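Work out the full structure, taking the sequences as your base and the hints as a guide.
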Amino acid sequence: MNEALKELLDLLDLEQIELDIFRGRSPEERIQRVFGGQVAAQALVAAGRTVPDDRHVHSLHAYFIRPGDPAIPIVYNVERVRDGRSFTTRRVVAIQHGKAIFTMSASFHVPEEGWAHQAAAMPRVPDPETLPTFQDKLYDLVGDEPGWKDWLSKPRPVDARYASPLTFEASRNPELISAETNVWFRYDAELPDDPLLHVVLAAYASDFTLVDTILLAHGLSWGTSNVMGASLDHAMWFHRPFRSDDWLLYAQESPWSGGARGLARGQMFTSSGDLVVSVVQEAMIREIKSQNPR
Numbered sequence: 111m112n113e114a115l116k117e118l119l120d121l122l123d124l125e126q127i128e129l130d131i132f133r134g135r136s137p138e139e140r141i142q143r144v145f146g147g148q149v150a151a152q153a154l155v156a157a158g159r160t161v162p163d164d165r166h167v168h169s170l171h172a173y174f175i176r177p178g179d180p181a182i183p184i185v186y187n188v189e190r191v192r193d194g195r196s197f198t199t200r201r202v203v204a205i206q207h208g209k210a211i212f213t214m215s216a217s218f219h220v221p222e223e224g225w226a227h228q229a230a231a232m233p234r235v236p237d238p239e240t241l242p243t244f245q246d247k248l249y250d251l252v253g254d255e256p257g258w259k260d261w262l263s264k265p266r267p268v269d270a271r272y273a274s275p276l277t278f279e280a281s282r283n284p285e286l287i288s289a290e291t292n293v294w295f296r297y298d299a300e301l302p303d304d305p306l307l308h309v310v311l312a313a314y315a316s317d318f319t320l321v322d323t324i325l326l327a328h329g330l331s332w333g334t335s336n337v338m339g340a341s342l343d344h345a346m347w348f349h350r351p352f353r354s355d356d357w358l359l360y361a362q363e364s365p366w367s368g369g370a371r372g373l374a375r376g377q378m379f380t381s382s383g384d385l386v387v388s389v390v391q392e393a394m395i396r397e398i399k400s401q402n403p404r
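All residue numbers for the sequence shown refer to our numbering, where the first residue is 111 and numbers rise by one.
None of these hints come from the bench; they were simulated from the model.
Note that this is a predicted model, so its numbers are computed, not measured.
Treat the hints loosely; a few may be bogus.
[As the list claims (entries may be wrong)] When the alpha-carbon atoms are kept at most 35 Å apart in a straight line, the in silico DSBU-like pairs for lysine-lysine are as follows:
{"id": "1", "residue 1": "Lys-259", "residue 2": "Lys-399"}
{"id": "2", "residue 1": "Lys-247", "residue 2": "Lys-264"}
{"id": "3", "residue 1": "Lys-259", "residue 2": "Lys-116"}
{"id": "4", "residue 1": "Lys-259", "residue 2": "Lys-247"}
{"id": "5", "residue 1": "Lys-264", "residue 2": "Lys-116"}
{"id": "6", "residue 1": "Lys-399", "residue 2": "Lys-209"}
{"id": "7", "residue 1": "Lys-399", "residue 2": "Lys-247"}
{"id": "8", "residue 1": "Lys-116", "residue 2": "Lys-209"}
{"id": "9", "residue 1": "Lys-247", "residue 2": "Lys-116"}
{"id": "10", "residue 1": "Lys-399", "residue 2": "Lys-264"}
{"id": "11", "residue 1": "Lys-209", "residue 2": "Lys-264"}
[Said to hold, decoys possible] Label pairs and their in silico Cβ distance ranges:
{"id": "12", "residue 1": "Gly-253", "residue 2": "Leu-129", "range": "49 to 59 Å"}
{"id": "13", "residue 1": "Asp-193", "residue 2": "Glu-285", "range": "46 to 56 Å"}
{"id": "14", "residue 1": "Glu-223", "residue 2": "Met-338", "range": "43 to 53 Å"}
Note that CB positions come from ideal geometry on N, CA and C, so glycine has one too.
Take a look at the structure:
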């Protein structure tokens, strides 16, 4: 297990400071705001710790209200909305500087038998072992260009393998522009048999590439295009048990953008083709205006 994954698991082990009140921290990095996937994952941990072990999360709906400050802890207040015979509902508010930065409602369900079908088919893409890591793929594009070496050398908690172009590639080659992204990912270590941990880690990873799918549709890229963005809301449905230390294909598409907003949808499949998670997110996508127009 690399140090980045150890650090992530430590970040997800929230401190309980009172009944239904938890405290989380952010990694010690020079970043301007807290990564949205981290806040969603920590909020889901907080909610899950107030729910009986026999109930598993099946959906969450979240709003990103304010940018998180990585320099101070985040307090998560959990409201026990309902404890029914088969469903449990929790509402979580993440607070910094006395204000809400994030809210989430999550529903948990006792496992039951029922009719089952799956209309969605996993896209046909190369196996993950045949694809380069994200770092290797990006290194082939940027080489030793200034500013990239230290960033590319940093260990990452998630092993991501792109079966589609990076936004950085499409910004340089318009022929690669597409409204679809396919990414294999897994946490490259044997993790505990804790169902909540595996869905929490999927929630963390779900926010990495969804907004990129919107950018890819326009040939835009972070850092090289005149664009800024932020997640506005995030919804996930967990359909069946899975493991985040096994390969999952994250198939994503952006059906619409306009008015400084964009919509992205994603589906996570196991390597055997089982649909295990569905994701929808809306994001702000805004052009950065020049401060000194000429």
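Outcome of the hint check:
no., hint, in the structure
1, Lys-259 - Lys-399, "29 Å, holds"
2, Lys-247 - Lys-264, "15 Å, holds"
3, Lys-259 - Lys-116, "23 Å, holds"
4, Lys-259 - Lys-247, "13 Å, holds"
5, Lys-264 - Lys-116, "14 Å, holds"
6, Lys-399 - Lys-209, "29 Å, holds"
7, Lys-399 - Lys-247, "31 Å, holds"
8, Lys-116 - Lys-209, "30 Å, holds"
9, Lys-247 - Lys-116, "24 Å, holds"
10, Lys-399 - Lys-264, "32 Å, holds"
11, Lys-209 - Lys-264, "33 Å, holds"
12, Gly-253 - Leu-129: 49 to 59 Å, "54 Å, holds"
13, Asp-193 - Glu-285: 46 to 56 Å, "54 Å, holds"
14, Glu-223 - Met-338: 43 to 53 Å, "47 Å, holds"
Hint compliance for this structure: no hint is broken.
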